[in-house]
Structures are given as structure tokens and as C-alpha cells.
Amino acid sequence: MKAFVENGSFKKKMTSLFKDCENTVFKNDTKYLSSLRYKSFQKFLELDFPTLKTADWRHTDLGPALSKDYLQYLNKDTEELDINDIFTCDVHDFETDQISLLNGWHVHTDEPLKQFPNGIIAGSLAAAMGEHPELIELHFGKYADYEKNIFHALNTAFAMDGVFIYVPDDLVIEKPIQMINIMHPSENLMLHTRNLIIMGKNSRLNLVHCDDSTNHQASFNNSLTEVFIDKGARIDYYKLQNLNNDSTLLNSTYFHQERDSRLMINSISLNGGLIRNYTHVILNGLHAEADIFGLYLMDKKQHVDNQVSVHHASPDCRSNEMFKGVMDDEASSVFNGHVLVDRDAQRTNAFQNNRNILLTDKAKANAQPFLEIYADDVKCSHGATVGQLDVEALFYLRSRGLSEASARLLLMYAFAAEIINKIGIDALRNRIDDMVKKRLRGELSICDRCVLHCSQPEQEVTFDIDLSKI
Amino acid sequence: MVKDKNNIIDEVTQGEYKYGFVTDIEMEMAPKGLSEDIIRFISAKKKEPEWLLDFRLKAYRHWLTMKQPGWAHLNIPPIDFQDIIYYAAPKKQQELSSLDEVDPDLLETFNKLGISLEEQKRLSGVAVDAVMDSISVKTTFQDTLEKHGIIFCSFSEAVQNHPELVRKYIGSTVPYTDNYFAALNSAVFSDGSFCYIPKGVRSPMELSTYFRINAANTGQFERTLIIADEGGYVSYMEGCTAPMRDENQLHAAVVEIVTMDDAEVKYSTVQNWYPGDKDGKGGIFNFVTKRGICRGVNAKISWTQVETGSAITWKYPSCILLGDNSVGEFYSVAVTNNYQQADTGSKMIHIGKNTKSTIISKGISAGHSNNSYRGLVKMTTRAENARNFSQCDSLLLGDKCGAHTFPYIECENKSAIVEHEATTSKISEDQLFYCLQRGIDMESAIGLIVNGYAKEVLKQLPMEFAVEAQKLLSISLEGSVG
Amino acid sequence: MLLDIKDLHVAIKGKEIIHGLSLQIAEGEVHAIMGPNGTGKSTLAMAIAGKEGYDVTKGDIIYKGRSLLEILPEERAREGIFLGFQYPVEIPGVSLTNFMRTAINETREYKGLPPMPPAEFLKKMEEKKKLVEIHSKLANRSVNEGFSGGEKKKNEIFQMAMLEPSLAVLDETDSGLDIDALKIVANGVNMLKTPQNATIVITHYQRLLDYIIPDYVHVLFEGRIVKSGGKELAMKLEEKGYEWIRND
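Residue numbers (my numbering), protein chains in the order written: chain A, 1 to 470; chain B, 1 to 482; chain C, 1 to 248.
The hints are simulated quantities; they were obtained by calculation from the structure and are not laboratory data. It is possible that part of the hints are untrue.
25 Å max Cα-Cα, derived DMTMM-like pairs, lysine to aspartate or glutamate [said to hold, decoys possible]:
(1) 148/A / 299/A
(2) 353/B / 329/A
(3) 379/A / 83/B
(4) 137/C / 404/A
(5) 353/B / 361/A
(6) 426/B / 246/A
(7) 353/B / 222/C
(8) 422/A / 145/C
(9) 152/C / 361/A
(10) 114/A / 147/A
(11) 231/A / 344/A
(12) 353/B / 55/C
(13) 137/C / 344/A
(14) 400/B / 342/A
(15) 15/C / 52/C
(16) 51/C / 222/C
(17) 51/C / 90/C
(18) 278/B / 377/A
(19) 438/A / 258/A
(20) 175/A / 258/A
(21) 43/A / 29/A
(22) 175/A / 433/A
(23) 278/B / 261/B
(24) 147/B / 178/B
Only part of the chain A face toward chain C is listed, based on derived beta-carbon distances under 7 Å [said to hold, decoys possible]:
(25) 388
(26) 392
(27) 393
(28) 395
(29) 396
(30) 399
(31) 414
(32) 417
(33) 441
Only a predicted model underlies this, so the values are computations on that prediction, with no experimental measurement involved. Ideal Cβ positions, reconstructed from N, Cα and C, are used throughout, including at glycine.
Just chain A, with the same shape it has in the complex (with noise of 0.2 Å):
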């Protein structure tokens, strides 16, 4: 698969892998998908991948990553890993329901999709797509843009597995699911992996996503995600990426909203070769409400590439985005947000917030927060700064007996503090302020286990309690 740098060779490998895979995994097609996959197809074949030309694709090189040979599982690794030996669980006062994924693959394809206690339907897409075909024909495929960006085209053909939660009308649940893709391949890897999150009306869910990598292994993950959310419903959804850095993780999520409904985003970035999330949220009824936040902590040559647009097509509603990085050593981000708010979106309460910190002359942050603007009754701003860390402040600080390193810990922890903050499951919080410190004190790199079931004893820090919260 070298053949990404040469677009037409590569294209012509997919062509006949299609080919393959349309006699064999997708003969148990219904029409829908079958001929959404060839539609989808289609499209690939014509758009071109992007370059450092490409509008949005400026500052994001995926040409080293394109460059490397993947391997690409058709069915589920037949080589039987048993997850519980991936990691384990060791995490107090953090219980959720979990669905693992392998490589792309759910770790209970086979199975149907399962009822849990608390009324949730969950499992594998693969099970969906068999179980739930007027499900998937109402949502699959309908909000994520096949048409205009070749990852999500291809990803939309090759779509195989993934997680699939269906809360149904008026359920709320309490206790989180997590999705935790875990990557840990033996050759490099390629992979597309395709969720699905049907919330019903007035249905409330708190979902935890992480993406891991517990081995070095180079992988690439397509990864799509379509999250419908149905009138008064909400969602809060927190994505934690702990990759190593010869990963590329493409984290497309696309979140259709109707009237009343709230999601609150809340991505985590603390390690990861190349991560490009793009966020794309459609607030389509009355009073619809959308906040998202994210952070980013990267250093030696990581690259981070957070995406966010908000497509404001109803009245009333608001949307608030507060995204803030700090980059060592090589380290580079991009944050590019687009607020569209169209002719009919009046009253419109639109934010978009950028804050970077370089702390070495090779980091470098770039940042594009555009509006869009089309109604007249709207309150609209957005701000974007890089800089370092206040020297005024670091004065005070070290002025009252802290050292310097400690110092530029703090604000840094501090600057950071404002999107953990925003974290409304508090063991979760807890647990991710203890992995920023790491983070930031260096002490995190990949752990061996996946970011929730970190089993690395805890270390002591002299600012570690904040004794405001006893």
C-alpha cells in the first residue's frame, strides 16, 4: 500500500480490494448500504487526496504517513487476543459499561448486539447492520459528508466495524460507556473504523472514547464516527487519545443535533505521532446547544490537528468552542474552527476560543478560527492567541519560593485546568488531571495500558491536592 503518494495506483489497489470485498464481506449487504458503499466508492475515486495545498490540509502533512506500507484486516485478526490481557481495570470510583475494539474490530463481532440492564442497545456495527437495518438506513451514512472529503468516502465503502449504542426515547443513563479502541497490531496497520450513536428523544448518555496504542507498531485510523441526537436528548462526549508517535489517528465525528437537544465534546489530547480530529456538528432545531472543548499536550515531533465546524441552521441556538494547546520541543497544532450560521439562524450565540503555548522555538502553533455569517441578530466572537507562559506571573510565582520549574508546572497546569474543569463525571476528572500532571511533568508517554486502566502507581506531586476541594 505504498501507493498513497501515487494517487492512481493506490486507487487502483482499493478498486480491486472493493471488488473483492463486494463478493465476499459485503454480500450479506441489505440495498442501502450496498449501494451507499458503491456511491461512496465512487466518490473516492474521484476526489484527490489532499496535500499541504489543499485549503485546511496547510499545515497537516500526511505525505510520511501516507508513505508508509498498511496492512488491512478484511475480517477480524483470526490470531485470538484476549483483551483482558491488553489491560486491566484497576481504576477506583470509575465504573463504565465497555465496549473494546481491536484494531478496528469489536472484540464480540460475532455476537448479536446486547441489551444491557439499563436499557441501552450496544455492540458491534457489524451486528447492527444485520439486526437493525431500518436503523441503519434511517442514520447510517446520512450526516457524515461522503461527497466532499475523500477519508470519510472511503471510510463510508470499506466501513467493516466498529461500536454501535442505541439509547432509546426518554432513557437516561447514569453510568458511562467507554469505547476504548485499543491498537495493537503486529504489522502496520490500516484500518476504518465506523461507529454509530443513535440518541432518542429526551435521552441522556455520558460516553468516554479513548483511542490507545499499547505497542510501537505504525498504524493508520480512518476513523468516522455519526452521532444523531434527537430532540431534548444530550450527550457528553469525552475522547481521550494516548497513541504512540508513529500513529496516524483521522478522528472524523459528525454530530447531527435536532431542537433542544445538548452535547458537550470535551477531546484530550496527551500523546499521538499525527492526530487530526475533525469535529463537525449540525445544530438543526429550536434551542439547540453545543459545547466543545478540547486540549492538547504534545511534544517532540507529535502533530496536532483539531478541526471544528459548527453549522449553526436553526434559530437560537448556541455553540461555544474553547480549545487550548501547549507544544514542546518539535512539537506542532493546528486548530481550525468554522462557524457557519445561516440566513434563518437568528439569534444566534456563536464562540470560538484558540489558546496556544510554545515553549521551545521549534514548536509551532497555527491557528485559522473563521466566521461565517449570514443572519444579522447574532452575537458571534472569537479569539485566538500564542504566546508563552506569562513572565509576570512566573515572577510572582518564583518570588514567593518556587522553583522555576515548578513554576511554569503550574501555570502550565493551570492553563490546562480550565478544559479539565469542564469534565462533569468526577472520577474522571480526577483520573485526567492526574494523567495532565504526568503529561506535563513528562512522566506519560504511552503507558503500556490504556489511558483509563493506567496501572503505573501514582506519584506524588507537592501541588498535586488542591486543598480548596476538601
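Position chains B and C relative to chain A; hints supplied.
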């Protein structure tokens, strides 16, 4: 103050585009179309040296390989570059030595525009270079300026009299390869202004160029070059108008500014090209490349623009801050009404240490127009302690227009600080009501409020321009309510 | 001798602000430094605290028998030098509690002591808060963020109480305070006075000296101490104004 207000209200109530007349002057024109022959024709007409013809031809050949840029938030109808006249000049009888010898019709034109060359000469002490259909008509005050060693003349004269300066600096800030319209300009530019401020000289007066498109089917491709040598200072103003015509006319200008150690150039523009009628018919396509470079330490370039005219504006006055401690500024008010479209902003490229830039942009959209701010702030690795502050506000009048903000921030230095802020909102109901309650009608109230909103930028303009600009703002928004 | 400043010259960005200043302060003393704006009062305070950019071009500052010049600001703080800032910095996201705990424990670590047990720390916080009448809520907010002028200054004295310095330099602590806040601040300073520590009160007005009684008053003018005396000097200044110094 009261009188000013009344004037504005008067202007608003009368306000049509008042510069839309056509002057009947005998013209000398090239045939329509663009080719190497036309370029040779232009160059020959102007008795240009070989190197300049070479420059034009290289630019033309490069232009042929380029595509019209499509990234701006603009809907540009296809332009037939073969349907444009690239050279139109008022027929010259002989060399003019005094204003008495200028074609009386031409003088009348400039009088109508409110830039009576005579008046200006006597009263205001502003040196004016007037460019009509690409040809510099008359530069006033040359004698006075010469005493200070300042060169201020038409570009063509500069080519004849100061070829070494022109050759050294032309294309040094905006190379012909820079972009599609800069390449086109480099190939076919006909005239413009040239200004050189020698070491240690502060220009004793404001310099000004007035651009006028008169003839039909012509494009205007002027080229301006301003050089301020060590410690030099000049404030330079540019104004422009065009007749009302149903077809679109192309204006693709290039302005280059070079400042050396401790030198400063302040460049102000009131752009009032014909914007088209209320249905969006006609109007000028204003595709302009303006860029300055601060080559020396402590050099400064300041752009101020009031953009009210043109059917389509595509313009990003920029600063390359190469010298340590150099300063770049961009102040802009852009008004769009009816079916006007504007995509304008600035680029600040910080290379030197302790360089500083400020961007203040106020966009006002009304009618069915679209108004975009687009700006780049780049801090390169060397730009230690560089600072940028950008504030880009948009005001929407009415629910059929669009206001957009597209900032690009690229930072590669840890000690550099970039701050960008922007807001988009509609005109405050409370402020409007307050005005109405005091007996001011809606349109005047909007005029007042908008002027207040734009004040931060307007105050950067030289006096005589500021008053003009204030009136323009109100007129441009005429008919935007109701 | 606690502090011995010898012929101190301080420059900012190459421009000399203090031109040869000498001052001795012993344990248990309160010194007031007065002078019109722009004469180098704050520069002196910053030079003692060791702020970057305040270059000592000549002379020395000897504190507890050791030159401060090559010592980092945090080490000076741990050795007992406290600067009450004229304009305390707002630090969003850092709670006052967390901040104080870090400061105390790092100082303790420097002195080879174990961290202060949380209960003891909390007790101390409560006790010292009372001293300057700080509301408990304030302690949970970010350092100085959204504090009023008075709250910021009270917070400085609170921190001084927590850190128990040997030498406190209070830079224009009275500026921006109403009379009630002024009394509270002054009261705090007086309560903290011991025979072992010393205080430098930098002020523009004599007002603060009605509440904090100095043992010595120095008049700083154009980068030099031009007059020294007892409390009566302050009174005279108040009466005659700084013009008197200029003409003298």
C-alpha cells in the same frame, strides 16, 4: 460638529453615486485584447528601456501559466481578458509646463471630483498626482518637492528620469510571480505614481494620487512605487472614482513600498470606485496587490483604507517586517451594500526581532452584500519578542447580507505573542432607539452609529480625507434600511 | 545586620535608574522609603527581589551576610525575602490555596523540612486569613483574579503572614486602598512584626506611616537617598511636599 452631522444627513438623503459622470476627452487607445504585441505597443508608446519590456514580457509569460485565484469568499464572474482595452490615454498635444496647458475638460473633471488641482496647489499644500485611465495627467508641486530632494512624479517619468531607482525596486516587494493579478499588472501597467524620499527628509506636505477610470471597456493597471530612505517620512493618500457603466471594469493595481532604517510611510486610501447599481449591475472589479517591506531597523509602514466602492474588492495591503524593531499597521473600514462583495484584510509577516504589528478592521455589510476579513499573521522562527494584536469586528445591517472573518495565525517563535479578537453583531437597537428618540431618522442614526463604530480607523486618516470618508460611509449605506 | 545595600546602581534596559544607594537594615527595624513618582522606589524593590531585567551594574546587596546578586528570585524568597507587589499579578486557574501550599512546601523542602501536613496547613490558612479579614471564598478563587484593589493588597499581606519572611519589602501597599482596608493592611503588618524580622515600607504618601510607625525614614530622589531621619522626616515631607527636597 452640528454642521458636520447636518452635512452627513444631507448627503445621505441625496446620496447616489455622484462621481458617475463621463468626461468627453479625446483618447488614444490600444485595440482590445492582450498579447505580446500589445505589451510591446504599450512599452513602445512609453518609450521604455529594454529591461522594462523584458520585465513585462516575463510577467506576461508567467501570467499565462497561472490560474485566477479561487480561494477568496467571492463570486467572480468569468473575466474575458481579451475584451479589455489595456491602454487608454488622454491624447497629449505636447509637454505641459503649467496647469493652463492641461485640457480644460480634464481639469473640469478633476474639479468635479473635488480635487481641483489649482485649488489644491494654492490652498491645501497637498501635492497631487492625478491618474486618468492609467495615465498620469499632472503632478502638482513638483518644484517645491524637488527642493527637498523628494522625487514625486508619474511612474513613466520616473522610468525616463530615474531608471536606476525604478529598476532597483520594481518587483522587489511584489514580484511578478506573486499572484495572478500582480502578474497581469506587471505585464500591462500603464502608469501610476513614483515617490522617493531621500535620507533624513520628512516630506513637507502630504502626497496624493487621484485615480480615475473614464473610458469604457478599459482596464486600469496602475503601478505605484514608494521608497523612503533612512529616516525619511511621507504620508501618502490615494483616492479613486469611476463613471457608472453597466459593464464591469477591471482595476488591477500594484503598490510597492520600501522603507529603510528609521523611515516611515503612511499610506491612506479612500476607495470609491463605482460599486454597481442597486441590482448589482456594473461596477469595478478591484483586484489590488499592495505590499510594503520594512527593510531597515525601526522602519514603519502604516496602511489605512476606507473601502466603500467597487463591485468586488480583493485586496490585502501587507507588511513584511524584516528589520528589527520595525512596525506594521493596518487600519481598515470596508463597507458593502447592495450586491457588493469584498474580501479584504492584511498580511503581517514578522521576520525581524521585536517587530510589532497591529490590525484593526471594521467590516460593515448591508443589502445583499458579502464582506469578508481575511488576514495572515506569521511569526517566523527569527521573530523574537514579536507582537501582533488584531481586532476584526463586523457589523451586519439587515438579514440578507453576510459578514465573515478568516484569520490565519502561524507562530513559530516561542517568545512571539499573537492576539486575535473578533466580534460579529448587528447594530445596537438601544443605540438606534436613543437616536430616534432624539428625533434623528433611521438612516441618519445608522450613519452616525456606523461612523462611531469606524472611528478608530477614521482617526488614522489625514484630516482632508477623514471628512470625505465619513460622508462616504453614510452614502454607501443609503437605502440599507427598510 | 540583616540587609546591607552598598553603593547600588541599577539599570533597566541600559538606563540607570538607581545611582549609588546605600542602606543598612537590622533585625526588628521598620524602614520607610519615600519619594515622588519615578525616582526608583519600585526599582529598588525589584532589585532586592531579583527580577530579571533589573541589572545591578555596580555595588552589592548583602543579605544575611551573603551577596544576593547571583541568587535566583525563588531562592531569595526561600531565604526569607518577601516582596509585596505594587500590582499583584492575576494568575487565572491557580487557586490561592494550591499556590500557598506549593510555596510553603518548596521552601520547607529547601530547608530540609518535610512537607507541612494538610491539616496543619489548613489551620494556618484559617488563622492567617483572619489576620487580614480575607473571606474564605477568596482563597478558593484563582490568585488575584477578579480581586478588587483592596482584596489584592490584603492578599499580599496574607501571603506574607503565611510565609513568615525575615525581610518584607512592601511596595506601595497603600495605593488604591480606602481607609478601612488601609487599617487592616497596616494592622496585619504590625501583628507580624517580631524582633527577628524587618520591614521596608515603600510609599508615596505619609498616610500609611500613621499606622505603621517606622524607625527610619529615607527620602529617595532621582535614584539616590537624599535624606534620612526618624518619623518626623515623614511629617515634614507631608507638610512641605517633595519640592522642599528639590530646593534643599
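Hints, verified against the model:
Distance restraint check for residue 148/A and residue 299/A: the Cα-Cα separation of roughly 32 Å exceeds the 25 Å cut-off, and the hinted pair is therefore not satisfied. Note on residue 353/B and residue 329/A: the hinted pairing holds, with a Cα-Cα distance of about 21 Å set against a maximum of 25 Å. A hinted pair counts as satisfied when its Cα atoms are at most 25 Å apart, and residue 379/A with residue 83/B does not qualify at roughly 45 Å. Restraint check for residue 137/C and residue 404/A: not satisfied, since their Cα atoms lie roughly 28 Å apart, outside the 25 Å limit.
For the given pair, residue 353/B sits about 13 Å from residue 361/A by alpha-carbon distance, which is consistent with the 25 Å threshold. Distance check on the hinted pair: residue 426/B and residue 246/A sit about 48 Å apart at the alpha-carbon level, beyond 25 Å; violated. Among the hinted pairs, residue 353/B with residue 222/C is inconsistent with the structure: their alpha-carbon atoms are about 32 Å apart, more than 25 Å. Distance hint between residue 422/A and residue 145/C is fulfilled; the C-alpha atoms sit about 19 Å from each other, no more than 25 Å.
Of the supplied pair hints, the one linking residue 152/C and residue 361/A is violated, its CA atoms being roughly 35 Å apart against a limit of 25 Å. Taking the CA atoms of residue 114/A and residue 147/A, the gap is near 33 Å; set against the 25 Å cutoff, the hint is violated. As the CA atoms of residue 231/A and residue 344/A are separated by approximately 19 Å, the hinted pair is consistent with the 25 Å bound. Distance restraint check for residue 353/B and residue 55/C: the Cα-Cα separation of roughly 22 Å lies within the 25 Å cut-off, and the hinted pair is therefore satisfied.
For the proposed pair residue 137/C and residue 344/A, the alpha carbon gap of about 44 Å is over 25 Å, so the pair is violated. The straight-line distance between the Cα atoms of residue 400/B and residue 342/A is roughly 10 Å, inside the 25 Å bound, and the hint therefore holds. Using a Cα cut-off of 25 Å, the hinted pair residue 15/C and residue 52/C holds, with the two alpha carbons roughly 14 Å apart. At most 25 Å may separate the alpha-carbon atoms for a hinted pair to count; residue 51/C and residue 222/C meet this at roughly 21 Å.
Distance check on the hinted pair: residue 51/C and residue 90/C sit about 17 Å apart at the alpha-carbon level, within 25 Å; holds. Of the pairs offered as hints, the one joining residue 278/B and residue 377/A holds, with about 23 Å between alpha carbons and a cut-off of 25 Å not exceeded. For a cut-off of 25 Å, the pair hint linking residue 438/A to residue 258/A is broken: about 39 Å separates their Cα positions. At roughly 24 Å between alpha-carbon atoms, residue 175/A and residue 258/A fall within 25 Å of each other, so this suggested pair holds.
Restraint check for residue 43/A and residue 29/A: the C-alpha separation of about 19 Å stays at or below 25 Å, so the hint holds. Taking the CA atoms of residue 175/A and residue 433/A, the gap is near 20 Å; set against the 25 Å cutoff, the hint holds. Restraint check for residue 278/B and residue 261/B: not satisfied, since their Cα atoms lie roughly 48 Å apart, outside the 25 Å limit. For the suggested pair residue 147/B and residue 178/B, the alpha carbons sit about 36 Å apart, so the restraint of at most 25 Å is broken.
Nearest Cβ of chain C to the Cβ of residue 388/A: about 14 Å, over the 7 Å cut. The hint is violated. Look at residue 392/A: its Cβ gets to within about 5 Å of chain C, closer than 7 Å, so that hint holds up. A least Cβ separation of about 5 Å between residue 393/A and chain C falls short of the 7 Å threshold, and the interface hint therefore holds. Because the beta carbon of residue 395/A sits about 6 Å from the nearest beta carbon in chain C, less than 7 Å, this interface hint is met.
Hint status for residue 396/A relative to chain C: holds, with the closest Cβ pair at about 4 Å, below 7 Å. Taking 7 Å as the C-beta cut-off, the interface hint given for residue 399/A holds, the closest approach to chain C being about 5 Å. Taken as an interface hint, residue 414/A checks out: its beta carbon lies about 3 Å from the nearest beta carbon of chain C, inside 7 Å. Residue-level restraint check for residue 417/A holds (minimum Cβ-Cβ distance to chain C is 5 Å; threshold 7 Å).
Checking residue 441/A against chain C: minimum C-beta separation of about 14 Å lies over 7 Å; hint violated.
Hints 1, 3, 4, 6, 7, 9, 10, 13, 19, 23, 24, 25 and 33 from the earlier list are contradicted by this structure; the remaining hints agree with it.
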